[in-house]
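These protein sequences, in sequence, are chains A and B. First residue of the first sequence: 55, per the working numbering; consecutive thereafter. First residue of the second sequence: 21, per the working numbering; consecutive thereafter.
Heads up, some of the hints might be wrong.
Restricting the straight-line Cα-Cα distance to at most 25 Å, the calculated cross-link-like pairs of lysine to any residue (SDA-like) are [as the list claims (entries may be wrong)]:
#1 A:K190 to A:L218
#2 A:K179 to A:C116
#3 B:K98 to A:K68
#4 A:K68 to B:I146
#5 A:K68 to B:G106
#6 A:K158 to B:L87
#7 A:K104 to B:D86
#8 B:K98 to A:N103
#9 A:K190 to A:L85
#10 B:K98 to A:K179
#11 A:K101 to B:D66
#12 A:K149 to B:M81
#13 A:K68 to B:T104
#14 A:K104 to A:C116
#15 B:K98 to A:L85
#16 A:K281 to A:K190
These are computed hints drawn from the structure, not numbers from a lab.
Letter by letter, the chains look like this.
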Amino acid sequence: MSTQSPDSFVIDGKLALPYQYFAGRTGSRFLTSIRDEKKIKGLKCEKCNKVFVPPRQTCERCFEDISENWVELENAGTVTGFTIIRYEEPHQPFKPPYILAQIKLDGADTSLTHIVKGVALSQMKTGIRVQAKFAKNSTSTIMDIDHFRPIKPKFELGYSYDELEIGMSASFTKTITESDVYQFAGISGDFNPMHLNEEFAKMTPFGTRIAHGALPQSLIAPVLGMKLPGLGTVIPEITVRFRKPTYFGDTVTATAEVVEFIEARRWVKLELTWTNQRDELVAEGHAIAIPPTPMG
Amino acid sequence: MNKNRNVGIIGVGQSEFSSHREDVNQPEMIHEAVVEALNHAGITIDDVDCIVHGNMELFEMIHQPDLWHVLGSGAYGKETMRITTGGTTGATLCCAADHLVASGLHDVVLAIGFEKLQEGHTTGGITNMADPLWARQLQTGALTGMTAEQMINEFGEDRAKRASMKYRIMMDQHAMKNHKAHRRFGLQWDQAEDLMVNSPALVGELRMIHMCSQSDGACVMIFASEEKAKEFCKQPAWMKDHITVHREESFYMFGDAPVVTSHRYAAEKLFERNGIKNPKKEIDVFEMYDPSSWWGLDWLREFLLFENDEHIKMVENDEIAIDGEFPVNPSGGVTASNPIGATAMVRVAEAALQIMGDAGEHQVPKNVNQALASGFGGTMWTVLFLMTRDIPW
């Protein structure tokens, strides 16, 4: 008994509400094939041409008994709707937040409600393809499907055309050393003494050895090919205008930023900049990128 | 008393009643009874205009079960309504279906009462009915030894105990003829002495053997307008009249004085407005909601408006047996089967089957021109039906 107001008692009560749920013979067969065969099955009404999952003994539309008309479905499907559970209740299967989704399995006409894992909450959306992951230990309930998770491609890919936005940017930074320059001379065959011979270099306008221009320029390759758009990208064009030399020991940052969509070809244009530790613009230019397209 | 339109009962369906129905979920169990009722009426779900659905609130701990049950009820795309009035739910469903047809709103209404007690926790649902400090004079739940106590005081221990046990054995013998019934013990007369003493006591002299079961099951009835009833059915059971009476407290608030029960009040009013002077003579069969054999015995007096021990004599003289002068519960009654949300409807359905001549093995061996059926619920809530073989209005 508590007294929230001075002259009125409030009497607290509590009831336990135990109950059980009978899956029935039809529901039990559905659960048995998940448990023993790792197969999700539905019941088909031939008359209405509908496949019900979870299964129903009778078609709710035409009232026909369909309880023996089992069809095997794919263990994969498409998310048709979802919600993110963020409040905590004692009866929940997991500690929130988690995703509860309606999943239309391939071959079914109705959606099955289940849990989706393996996707960032902010990235969850309808339409994604998911696959059933079966539980290690059976409870003979629907939780014998532990959860569904997105079907990932065999290889990770960078941003697709549709995922890119104007203003997205990425960069890579590296310190250019004497050893880098010497190896680059070997790679390119450019043994020009202005890069390799300090005494010779003293006579040039720079007064000391400088790196090959293409050496800092090449630092944009890891940006475009591995970050933005990323893996799977093809670069048909890069243009560069050099503004300052790169001396040995300089730290160069190569940056790319999406500035334009080339809609007709589903390509993007990126603005490129190279800067050093003195915030000087080393070089600038642009690239055309063919972003990766999802495989298979 | 008059009605806009006559209403006939043209189809009855019942699932098998049992304490164990793991083989079906709720909509599947309901579907069994729906299909049987449609077949009995010789119609399809397309002929049905409206579905009324009900059970005890939260007994299965499921909110708005009628939505889920569309899978088995046939309510897809139809008018539908959910009704829950406690123990009388099944009876109130019949009242609603009758009103919906009599009013002219619908021509064919299918009423569904169900319960799946094994899935839930009955006491959990009932216990909070009355305030624990002020309102415990209300009846909460059906387990009460009060009637046994009163009858023992009035008629003597031996006579009262023997009569209630005889009533119980008769009901079991009736249930043996009804293959849908849940509890069919096959009790013999020579077991009476033993059961009166050795059946586990619940409250005072209310013993386990006297008490109703907890059953799973569904009952479905189809109500039709006069025109449709005649079209679909050779002999409908006509709904002549029904009355609902409710009194809150089942004890007299100001001490130990007799109260007019809702049963007696309902019977007086119903008989008066239908010109029934001698109910025992004029009514051919009575399906009574008898939650225990003590109550069944005592309530016979209330419904038949007796003052003294005529009801005891009726039992002692086998008059309430299926082949007796005034057969009571040829189906076996509530002590045999009690899927609560369906129980009161089963009374009306069984009375209708007796009029239609379709009760099978437990059909009473005489013409049933007029039948009575009662529903009961807590606290003291009576619904009493009068059904006829001839078109009433």
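Now for the hints, and whether the structure bears them out:
Simply put, K190 of chain A and L218 of chain A have alpha-carbon atoms about 39 Å apart, too far for the 25 Å limit, and the pair is violated. In summary, the hint linking K179 of chain A to C116 of chain A is not supported, as the alpha carbons are separated by about 34 Å, beyond the 25 Å threshold. As the CA atoms of K98 of chain B and K68 of chain A are separated by approximately 38 Å, the hinted pair breaks the 25 Å bound. A distance of roughly 13 Å separates the Cα atoms of K68 of chain A and I146 of chain B; the hinted pair therefore holds under the 25 Å criterion.
Between K68 of chain A and G106 of chain B the alpha-carbon distance is near 21 Å, which keeps this suggested pair within the 25 Å criterion. For the proposed pair K158 of chain A and L87 of chain B, the alpha carbon gap of about 21 Å is at most 25 Å, so the pair holds. Between K104 of chain A and D86 of chain B the alpha-carbon distance is near 23 Å, which keeps this suggested pair within the 25 Å criterion. As the CA atoms of K98 of chain B and N103 of chain A are separated by approximately 22 Å, the hinted pair is consistent with the 25 Å bound.
For the hint linking K190 of chain A to L85 of chain A, the alpha-carbon distance of about 15 Å falls within 25 Å, and the restraint holds. In summary, the hint linking K98 of chain B to K179 of chain A is not supported, as the alpha carbons are separated by about 35 Å, beyond the 25 Å threshold. With a CA separation close to 16 Å, the supplied pair K101 of chain A and D66 of chain B stays within the 25 Å bound. Restraint check for K149 of chain A and M81 of chain B: the C-alpha separation of about 24 Å stays at or below 25 Å, so the hint holds.
This hinted pair checks out: K68 of chain A and T104 of chain B have alpha carbons roughly 23 Å apart, not beyond 25 Å. Taken as a hint, the K104 of chain A and C116 of chain A pair is honoured in the structure, with Cα atoms around 11 Å apart against an allowance of 25 Å. Taken as a hint, the K98 of chain B and L85 of chain A pair is broken in the structure, with Cα atoms around 32 Å apart against an allowance of 25 Å. Only pairs whose Cα atoms come within 25 Å are accepted, and K281 of chain A paired with K190 of chain A is rejected, the gap being roughly 37 Å.
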